[in-house]
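Trainee: Line by line, the protein sequences are chains C and W.
Just so we're aligned: 72 in our numbering is position 58 of the first sequence, and the numbers increase by one with no gaps anywhere.
Just so we're aligned: 132 in our numbering is position 129 of the second sequence, and the numbers increase by one with no gaps anywhere.
One or more hints might be untrue.
Claimed, not checked - Below, a list of computed lysine-lysine pairs in the PhoX-like style, where the Cα atoms sit at most 25 Å apart:
no.	chain 1	residue 1	chain 2	residue 2
1	C	Lys84	W	Lys139
2	W	Lys126	C	Lys84
3	W	Lys136	C	Lys84
If you're looking for bench data, these hints aren't it; they were derived computationally from the structure.
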Amino acid sequence: MIEEMERVTATIDEQTLAAIRRVAGPRGVSSFLEAAARERLLRLRVLGLLDELDAKYGAPTMATRRRVAKQAERIFRSRKR
Amino acid sequence: MKRSRRRVTGALPRCVLDSGGVTALLGRSQSARAWLRWLANHGGEIVVPAAVLSECITGDVGRDAEVNRILGALSIMPTGEPTGRLAGALRFRAKTDDGIDAIVAAEAAVAQVTTVLLTSDPKDLARLLSSAKHVKIQRA
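Okay, chain W solo, but in the shape it has when bound (with noise of 0.2 Å):
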């Protein structure tokens, strides 16, 4: 049977999740595994910034069992200093408090190509990346 394929071109997906986007997997969000299912079968990379577990894990081995299993299927991106201080530029732009959200707007950022921002807040997050073109959130 021929199938018909579609091939994305130029530089492989992107996704960042912030913990909304990592809690969305978790039942109430069709679209996130939606998402996912379509960046894992077209090659693509997707990230979830360590700072983002300071939101989504309670140090409670039981209640935190189904987050970690998700978490340890993805890639979890320790942040450098090059995208500490462009979340804080960032931060500082969009007049924001919120030091998590300005890291995951700056993982997204920080690599020049085509990003999914996979969020459950897109309305915060599109402050800080309003320069951010490359950076398109999605609903998770």
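Chain C on its own, in the form it takes in the complex (with noise of 0.2 Å):
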């Protein structure tokens, strides 16, 4: 399937923009974008299924979600900023 594309403009800091250009290449831009912009929507469209599933079954417990931070905390080697 050939998707369509279009031009579309958006207004970026220097900062970020340069730090695209240096991982993904002068004109690998625009598929740095778009693949962030499917992550951040994939990612939102996870979110508001877990909203819509804890309104109906009851939110996880404040201790459900610390065992669960912390062990993926140990698994996945994270620490604080």
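Hints in hand, dock the two standalone chains.
Mentor: So, in structure tokens, the structure goes:
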């Protein structure tokens, strides 16, 4: 399937744009931004679904959230910032 | 207000759900929803192998409505040849005959990054994944 592309104008601060160009290359900016937008949309979709499910079935308790966060941080070796 | 946030280092978190992990989201398991929220908030990838649909879809539009709503928000991953081959090897080594579990295990193991596998059946998947130390099995 060929997706239709549309040209848009976006405003991005210089530092961010330079960082994108560094990792994506001068010709890769559009694909980088498209991938970032797709990831963000997917994340919002998951969070929206979880809000709906929590409203219907009851949100996880604070104790459950803390336990899961602790396990996840141990597994994925996170650190505080 | 200064908020303390935690950042995950290295590769982004990755999570694979089996059919128990998917259905656990429908009310029974607060833990499954807490896991998914943590992953979404940390830029994690949440994957449902397409083979899992064979265990959680009935083909009846009414019955499937809620599961479809969940699947619609997650990434359904088709199984390619390398994953299929790995599934076969894991199944043979574990001496099991559950092909779907083997595909789920292979999908979790095939990416060489730390991956959480959310399941309602940790024991069988642990047998399949005994050699994949980067996959952490969690009860949904």
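Trainee: All the hints need checking, so say for each whether the structure fits it.
Mentor: So, going through the hints one by one against the coordinates:
1. Lys84(C) with Lys139(W): 14 Å, holds
2. Lys126(W) with Lys84(C): Holds, at about 22 Å.
3. Lys136(W) with Lys84(C): 19 Å, holds
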